[in-house]
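Residue numbers (this note's numbering), protein chains in the order written: chain A, 82 to 402; chain B, 174 to 670.
For the record, the hints were derived by calculation from the structure and aren't laboratory data. Using N, Cα and C, we set each Cβ at its ideal position, and we do this for glycine too. Do not rely on the hints blindly, as some may be mistaken.
SDA-like mimics (lysine to any residue), calculated; alpha carbons at most 25 Å apart, straight line [claimed, not checked]:
| id | chain 1 | residue 1 | chain 2 | residue 2 |
| --- | --- | --- | --- | --- |
| 1 | B | Lys-439 | A | Leu-93 |
| 2 | B | Lys-439 | A | Leu-396 |
| 3 | B | Lys-439 | A | Val-100 |
| 4 | B | Lys-501 | B | Gly-534 |
Covered by chain A, per the in silico footprint, the following chain B stretches (three or more residues, Cβ under 8 Å) [said to hold, decoys possible]:
| id | stretch |
| --- | --- |
| 5 | 212 to 220 |
| 6 | 381 to 390 |
Here are some chain A residues pointing at chain B (derived, C-beta under 7 Å) [as the list claims (entries may be wrong)]:
| id | residue |
| --- | --- |
| 7 | Ala-111 |
| 8 | Tyr-276 |
| 9 | Ser-284 |
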Amino acid sequence: MTTLTVSRKRYLPILATLVMLVGAFGFGSARYDGFADSQVVLNLLIDNAFLLVVAAGMTFVILSGGIDLSVGSVVALSTLVSAKLLGHGWPAPVVILVVLVIGASLGLGMGAVIHFFELQPFVVTLAGMFLARGLCYTISVESISITNPFFTYVAQTPISLPGGTHVSIGVVIALVVVAVGVYVLHYTRFGRTVYAVGGSEQSAMLMGLPVGRTKIQIYAVSGFCSALGGLLLAFYTLSGNPLHAIGMELDAIAAVVIGGTVLTGGSGYLLGTVLGVTVLGVIQTLITFDGTLSSWWTRIVIGALLFLFIVLQRLVTRRTR
Amino acid sequence: MPAEILRMTGIRKEFAGVVALDDVDFRLFPGEVHALMGENGAGKSTLIKVLTGVHGVDAGTVLFAGEPVSFAGPAAAQRGGVSTVYQEVNLCPNLSVAENILLGREPRRFGRIHWSALRRRAVELLARLEVSLDVSAPLGQQSIAVQQLVAIARALDVDARVLVLDEPTSSLDPGEVERLLGVMRSLRAQGMAILFVSHFIDQVLAIADRMTVLRNGKLVGEYTDITARELVAKMIGKDLPVLEGLRGEVRHGEGTLMQASDLGRKGSVAPFSLEISRGSVLGLAGLLGSGRTELARLLFGADHADSGEVRIDDTPVALRSPRVAVSKGIAFCSENRKTEGLIQDLTVRENIILAMQAARGWTRPLSRRRQDEIVARSIELLDIRPADPEARAGDLSGGNQQKVLLARWLITEPKLLILDEPTRGIDVGAKAEIQRLVAELTADGMAVVFISAELEEVLRVSDKVAVLRDRHVVAQLANDSLTPDDIMATIADGGER
Ligand SMILES: Nc1ncnc2c1ncn2[C@@H]1O[C@H](COP(=O)(O)OP(=O)(O)O)[C@@H](O)[C@H]1O
Ligand SMILES: [Mg+2]
Numbered sequence: 082m083t084t085l086t087v088s089r090k091r092y093l094p095i096l097a098t099l100v101m102l103v104g105a106f107g108f109g110s111a112r113y114d115g116f117a118d119s120q121v122v123l124n125l126l127i128d129n130a131f132l133l134v135v136a137a138g139m140t141f142v143i144l145s146g147g148i149d150l151s152v153g154s155v156v157a158l159s160t161l162v163s164a165k166l167l168g169h170g171w172p173a174p175v176v177i178l179v180v181l182v183i184g185a186s187l188g189l190g191m192g193a194v195i196h197f198f199e200l201q202p203f204v205v206t207l208a209g210m211f212l213a214r215g216l217c218y219t220i221s222v223e224s225i226s227i228t229n230p231f232f233t234y235v236a237q238t239p240i241s242l243p244g245g246t247h248v249s250i251g252v253v254i255a256l257v258v259v260a261v262g263v264y265v266l267h268y269t270r271f272g273r274t275v276y277a278v279g280g281s282e283q284s285a286m287l288m289g290l291p292v293g294r295t296k297i298q299i300y301a302v303s304g305f306c307s308a309l310g311g312l313l314l315a316f317y318t319l320s321g322n323p324l325h326a327i328g329m330e331l332d333a334i335a336a337v338v339i340g341g342t343v344l345t346g347g348s349g350y351l352l353g354t355v356l357g358v359t360v361l362g363v364i365q366t367l368i369t370f371d372g373t374l375s376s377w378w379t380r381i382v383i384g385a386l387l388f389l390f391i392v393l394q395r396l397v398t399r400r401t402r
Numbered sequence: 174m175p176a177e178i179l180r181m182t183g184i185r186k187e188f189a190g191v192v193a194l195d196d197v198d199f200r201l202f203p204g205e206v207h208a209l210m211g212e213n214g215a216g217k218s219t220l221i222k223v224l225t226g227v228h229g230v231d232a233g234t235v236l237f238a239g240e241p242v243s244f245a246g247p248a249a250a251q252r253g254g255v256s257t258v259y260q261e262v263n264l265c266p267n268l269s270v271a272e273n274i275l276l277g278r279e280p281r282r283f284g285r286i287h288w289s290a291l292r293r294r295a296v297e298l299l300a301r302l303e304v305s306l307d308v309s310a311p312l313g314q315q316s317i318a319v320q321q322l323v324a325i326a327r328a329l330d331v332d333a334r335v336l337v338l339d340e341p342t343s344s345l346d347p348g349e350v351e352r353l354l355g356v357m358r359s360l361r362a363q364g365m366a367i368l369f370v371s372h373f374i375d376q377v378l379a380i381a382d383r384m385t386v387l388r389n390g391k392l393v394g395e396y397t398d399i400t401a402r403e404l405v406a407k408m409i410g411k412d413l414p415v416l417e418g419l420r421g422e423v424r425h426g427e428g429t430l431m432q433a434s435d436l437g438r439k440g441s442v443a444p445f446s447l448e449i450s451r452g453s454v455l456g457l458a459g460l461l462g463s464g465r466t467e468l469a470r471l472l473f474g475a476d477h478a479d480s481g482e483v484r485i486d487d488t489p490v491a492l493r494s495p496r497v498a499v500s501k502g503i504a505f506c507s508e509n510r511k512t513e514g515l516i517q518d519l520t521v522r523e524n525i526i527l528a529m530q531a532a533r534g535w536t537r538p539l540s541r542r543r544q545d546e547i548v549a550r551s552i553e554l555l556d557i558r559p560a561d562p563e564a565r566a567g568d569l570s571g572g573n574q575q576k577v578l579l580a581r582w583l584i585t586e587p588k589l590l591i592l593d594e595p596t597r598g599i600d601v602g603a604k605a606e607i608q609r610l611v612a613e614l615t616a617d618g619m620a621v622v623f624i625s626a627e628l629e630e631v632l633r634v635s636d637k638v639a640v641l642r643d644r645h646v647v648a649q650l651a652n653d654s655l656t657p658d659d660i661m662a663t664i665a666d667g668g669e670r
């Protein structure tokens, strides 16, 4: 009996997100014509596929009790590296590979610095954020457009769904990332170690778990996801730009937290992050549909939601003590 | 006798100037339980951490099955065949019980964790300790005793040749201890080498084949046949301090300080009425989980009562929060000194000053000289070792951490001091000191509520004993010639005699 209520409590933040999502959606469809159109919903995924991938990587980091501020810069760097190399005539598969390797290596490097020098992730990834953003400007100070046929194909080929709707290839990639992420977190030793490290790093070490290796891998995962997110953004915008994804790390963190993952680590679910990203998307869509509100309202609403969730999480964790 | 599985020779370990181990030898044979004995701070946990690679050694060698080894960390030690339960419960509260037992060696199928097999295996392992509970519930929901059993179950699962148990019984009740000793006996019969640390001398004498005694980081000797009295003398390096006869007459105190009437909280403690008198000790006795801590938390305002009232000096008081309680002169030393009491990363001085500073308000800081004076006095009064106000609190041994916590509250000069398991996990010497301190404090007019799982100890210090059972106060007995058996009987028949 008690265990039942207890485990239900663990899902409470996610349930709250879900309720809010449904509420916001219901509000939108009652108020605006065409809001409930299924293509509108799918557009929401199309427009946020890259954020979803980045937030998935961020979920790993936050679950382990860390933070990764470098993701936005790595996304921008990835778009630029893609645009530049494609401009030099490199074949698309090679470019994609190079970009993913760069992202994962940057993450790996930051993870290694965090682990071996016992530094705060906040500071190390802050440095990584400046570094990656700076590197962008060494490649180009302005936008480079992408004309590579493979990239344009991926950008412009819709995948048709029943009912005359469609999604982009980017959405499919993002959903695959989420599926793999859920599997890894739930069914692999690495994934469970992520939770253990987030619960108590000291305990995880004394339990004989490979804490150091896991921490480094987590940042590599986040770096990889950022690079992949960057590629999706490059597909989506068909350009590389040093100004892409400024402040995106904060959107990713917001999505993770609104999705019910506790910032101190150890508790949360990747599917929650999917909901979190969707909530952000719905808010954007609502504000677009309204047409009279400035886009800054998105920020204000996200801010309010974050407060709400942090308080909610505190209430839930306090009850279960 | 078979060849030794483990031999540590000339081990030396220093922490920033503190010599924790100095030229210590230790050996362990297959099929024996070898107890490592010593006062708090003697270096027992450090020796274990050196063995399992949590700390590096400064000098000395470790031979494992005849080969020189130097484990890189707990993970390597585990793979090498040394399974360890460290002193403080070290598990992840956010994960399920089952995962805490099996994380790192989960049953897998097709490369993925086989969850149902994992739960089944966890249930089996707990069954060896005769514990049955919902293994998919998060560990953080369980009592400390259950968490300790989970840590032990985890260690039992490994294919180990050496099992190290550092004070595994500190929060277990007698039945649970008996079951653990039973498991240890059967493992021993299968040839496992067991290193056992415990402060309960009778447990040690009951099970150990051999004992090594450490004192102040030095080896005192290895013994096979020794009496309890001799053992204690070796541990503290002098003859047994008089533990007996600490109390003389029953004191009825000097007037009522605090009066609780029908105080209770749903799901925590049933309504009870109690009187606490100045200059006397009220003991709380009862089994683990009987509501002792919960009762204390009500008296301190850490939990809210949903019925009844509290009067202090005959004026009703709403104990809305610990802050209010502190302002009324109540102090509470929590049982969970690691997570609720000490701040591990602050120094001894900072930890001691904390409550006093909070009571003064942060706008009126204590001068550094005043702090140094107060802290020096506390360190001397309580004999905190090392006597270094700038030592990191987390580096102190359990007994000394407890003393720091006590010092913190004592300098606020409370009228009522609530001590929840102040002697858990600390050695006889420090225990006797704390008991003596309680007697001294009450002689000066302080009222004390004393909680302990050890009935002998409750009886040794208390003037009156409130007995709890299943979250009810079932009896309040004046402690003249009470025996542990009387209390057990009261618990057994719920006070209806
Ligand atoms: N990590 C550490 N840093 C500094 N000093 C430590 C550390 N761990 C233990 N010590 C010191 O080493 C001594 C031995 O402690 P410990 O091995 O925990 O004692 P025991 O387990 O016998 O009670 C104590 O004086 C303690 O303060
Ligand atoms: Mg110890």
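Outcome of the hint check:
1. About 23 Å separates the Cα atoms of Lys-439/B and Leu-93/A, which keeps this hinted pair within 25 Å; it holds.
2. Restraint check for Lys-439/B and Leu-396/A: the C-alpha separation of about 20 Å stays at or below 25 Å, so the hint holds.
3. Simply put, Lys-439/B and Val-100/A have alpha-carbon atoms about 31 Å apart, too far for the 25 Å limit, and the pair is violated.
4. Restraint check for Lys-501/B and Gly-534/B: the C-alpha separation of about 15 Å stays at or below 25 Å, so the hint holds.
5. Only residues whose C-beta sits within less than 8 Å of a C-beta in chain A count toward coverage, and the stretch 212 to 220 of chain B has 0 of them, not enough to reach three; the restraint is violated.
6. For the stretch 381 to 390 of chain B, the assignment as covered by chain A is violated, since 0 residues bring a beta-carbon within under 8 Å of that chain's beta-carbons and 3 are needed.
7. Violation of the interface hint for Ala-111/A is found here, the shortest Cβ-Cβ separation to chain B being roughly 39 Å, above the 7 Å cut-off.
8. Hint status for Tyr-276/A relative to chain B: holds, with the closest Cβ pair at about 6 Å, below 7 Å.
9. Checking Ser-284/A against chain B: minimum C-beta separation of about 4 Å stays under 7 Å; hint holds.
Taken one by one, the earlier hints fail for this structure at numbers 3, 5, 6, 7, listed in ascending order.
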